[in-house]
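As given, the protein sequences belong to chains A and B, one line each in that order. Heads up, the first sequence is in my numbering, so the first residue is 1 and it goes up one at a time. Heads up, the second sequence is in my numbering, so the first residue is 1 and it goes up one at a time.
Certain hints may be false.
Stated by the list, open to error - Between beta-carbon pairs, the in silico distance windows are: (1) B:Leu15 <-> A:Val345: 43 to 53 Å; (2) B:Ala17 <-> A:Pro230: 39 to 49 Å; (3) A:Val345 <-> B:Pro21: 24 to 34 Å; (4) A:Glu45 <-> B:Glu52: 47 to 57 Å.
Stated by the list, open to error - One side of the interface only, derived from the structure: several residues of chain B facing chain A at Cβ under 8 Å: (5) Pro7; (6) Val9; (7) His16; (8) Leu20; (9) Ala24; (10) Asn35; (11) Ile38; (12) Ala39; (13) Phe42; (14) Leu43; (15) Leu45; (16) Leu47; (17) Asp51; (18) Pro53.
It should be emphasised that the hints constitute simulated quantities derived from the structure, not laboratory data. Glycine included, C-beta positions come from ideal geometry on N, C-alpha and C.
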Amino acid sequence: MESAAEIAAAVCAGRVRAREVAQRALDRIARADASINAFTRVTRERALAEADAVDAALAAGRPVGPLAGVPYAVKNLFDVAGEVTLAGARVTRDDPPAAADAALVERMRAAGAVLVGALNMDEFAYGFTTENSHAGATRNPHDLSRVAGGSSGGSAAAVAARMVPLSLGTDTNGSIRVPSSLCGVFGIKPTYGRLSRRGSYPFVTSLDHVGPFATTVADLAACYDALQGPDPRDPACAQRPLEPTLGALERGAGGLRVAVLGGWFDENAGPLAREAVQAAARALSATRRVELSLAEPGRAAAFVITGSEGGALHLPRLRTRYADYEPLSRDRFVAGALTPAAWYVKAQRVREAYRREAARLFEDFDILISAATPVEAQPVGTEWIDVGGRRMPARASMGVLTQPISCIGLPVVAAPIPLPGRLPIAVQLIAAPWHEHLALRAAAELERQAVAASPRPEPAKVVQ
Amino acid sequence: MSTNFSPYVDASLALHALTLPDDARRAVLEHFERNAAIAAAFLDLPLAPDDEPAPVFRPE
């Protein structure tokens, strides 16, 4: 599978038809996904119809979008017209099919991209591993005995295994950045409110973000640009105009003031994560180490807000269908629903104090670096991980470094840092609100120096 | 001083009309205790009165 940029260029130049590209992607999914389990639905008919529409537009001389003929897939919480939006759950299986596409699916179609399927996830996005008891675990393309990360695990694994060059996911506490790290792909969690969430199954409305995955920074930026724009039908959308980033990538990191996050972010990083941070810091000439003193309270606030809002959302169905909920998360949903109001309100107020602390840091720096996950991908079924000599619950703790950042809505690019002989792990390149272009420029510089890259899985691991 | 959350969890489950098997009730209590331990990181954090939540609700 080529990059999205190469596919779009070839389709637009008439070197290949979009239908051939779609058919190749469908064939590859049929071969490779038997071992990965990233897809919960393959939308073959729609894919071929969308590809034919691109070919017809080109033949008629009509304009096609920047992602013309590029296959992509979406986490199965995005509405796809005519399909049931599962959100990783059993209790949704009898819901009526979506009447319309989600806003981001509409935008991908308008950009010429071709939807080939829906992807596995932790039920209702409450998890960091994509060990889905209903659909089975999504396997890490770099080691099939290990998890892909979550909750957008299918989205990261499908891109890592080169089944599609682009995918869409969501990130409430790390659900784009964690699977990016474990699967070794690029992902962007934009500023809270940047992209429309219309037509995506909510989890925690105060914290939910949406964003893309890709194998190159240019593909990530092109896809992110295609997804931007106001949407009055999403009340959390900040309604900002398109602020393109792709053209800024060639500027690299020149002039960017970069620092490494210490404190909480260092204490909760394992040896491999620290190596990755050091490699990125060297490449971006980051010599300063700074701290966010409210990172731990901020992470705790996000944790409490997540339990409370998520639990309240599912309370009606938990009363009647508790047994049909994911065994790995249903008791967390119930416990969250019991959160005292005073805790929840205090958590929301902590965010404001913490946001101001981060804003002061961004007066002196453009990019902050931390690891994206404390450790690399763990074997499916792992209950505990060891970080810095402390035993931590594996499924909840994979987000310990991402959760404090999404708590205050900062934009982040997860950039995979391949280290010889090791499983993938990523760094977070964190920018000030509405400065996604700077995080993407830093990622592009790491890619240019071959410090960041999305490694191809070994052929023996995944059917090619 | 550790707090016994069991009476709160039982009362709150009843308040929310959640009837769970015993093993689930125990698991919920464990998660609630864990949530409380994590919340302790901010429950005593001093804040100014104008540290307000940032609502996104924007009436047209």
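Evaluated hints:
At about 18 Å, the CB distance of Leu15 of chain B to Val345 of chain A disagrees with the hint of 43 to 53 Å. A hinted range of 39 to 49 Å for the beta carbons of Ala17 of chain B and Pro230 of chain A is consistent with their spacing of about 40 Å. Distance hint check for Val345 of chain A and Pro21 of chain B: the Cβ-Cβ separation is about 32 Å, which falls inside the suggested range of 24 to 34 Å. Remark: the range hint 47 to 57 Å for Glu45 of chain A to Glu52 of chain B is upheld by a beta-carbon distance near 50 Å.
About 12 Å separates the beta-carbon of Pro7 of chain B from the nearest beta-carbon of chain A, more than 8 Å, and the hint is not met. Hint status for Val9 of chain B: holds, given a least beta-carbon distance of 6 Å to chain A, under 8 Å. A distance limit of 8 Å between C-beta atoms decides the matter here; for His16 of chain B the minimum to chain A is near 6 Å, and the interface restraint holds. Hint on Leu20 of chain B holds. Least Cβ distance to chain A is approximately 6 Å, under the 8 Å limit.
A cut of 8 Å between beta carbons decides the hint on Ala24 of chain B: the least distance to chain A is about 6 Å, and the hint holds. Restraint check, Asn35 of chain B versus chain A: the minimum CB separation of about 6 Å is within 8 Å; hint holds. Of the supplied interface hints, the one on Ile38 of chain B holds, with its beta-carbon coming within about 5 Å of a beta-carbon of chain A, less than 8 Å. At its closest, the beta carbon of Ala39 of chain B sits 5 Å from a beta carbon of chain A; the interface hint therefore holds under the 8 Å criterion.
Given hint, Phe42 of chain B at the interface with chain A, holds; its Cβ is 4 Å from that chain's nearest Cβ, closer than 8 Å. At a threshold of 8 Å, the smallest CB-CB gap from Leu43 of chain B to chain A is about 6 Å, leaving the interface hint in force. Taking 8 Å as the C-beta contact cut-off toward chain A, the hint placing Leu45 of chain B at the interface holds, the least distance being around 5 Å. Given hint, Leu47 of chain B at the interface with chain A, holds; its Cβ is 5 Å from that chain's nearest Cβ, closer than 8 Å.
For the restraint placing Asp51 of chain B at the interface with chain A, the shortest Cβ-Cβ distance is roughly 5 Å, inside the 8 Å limit, so the hint holds. Below 8 Å, beta-carbon pairs count as interface contacts, and Pro53 of chain B has one with chain A at about 4 Å; its hint therefore holds.
Of the numbered hints stated above, those contradicted by the structure are hints 1, 5, listed in ascending order.
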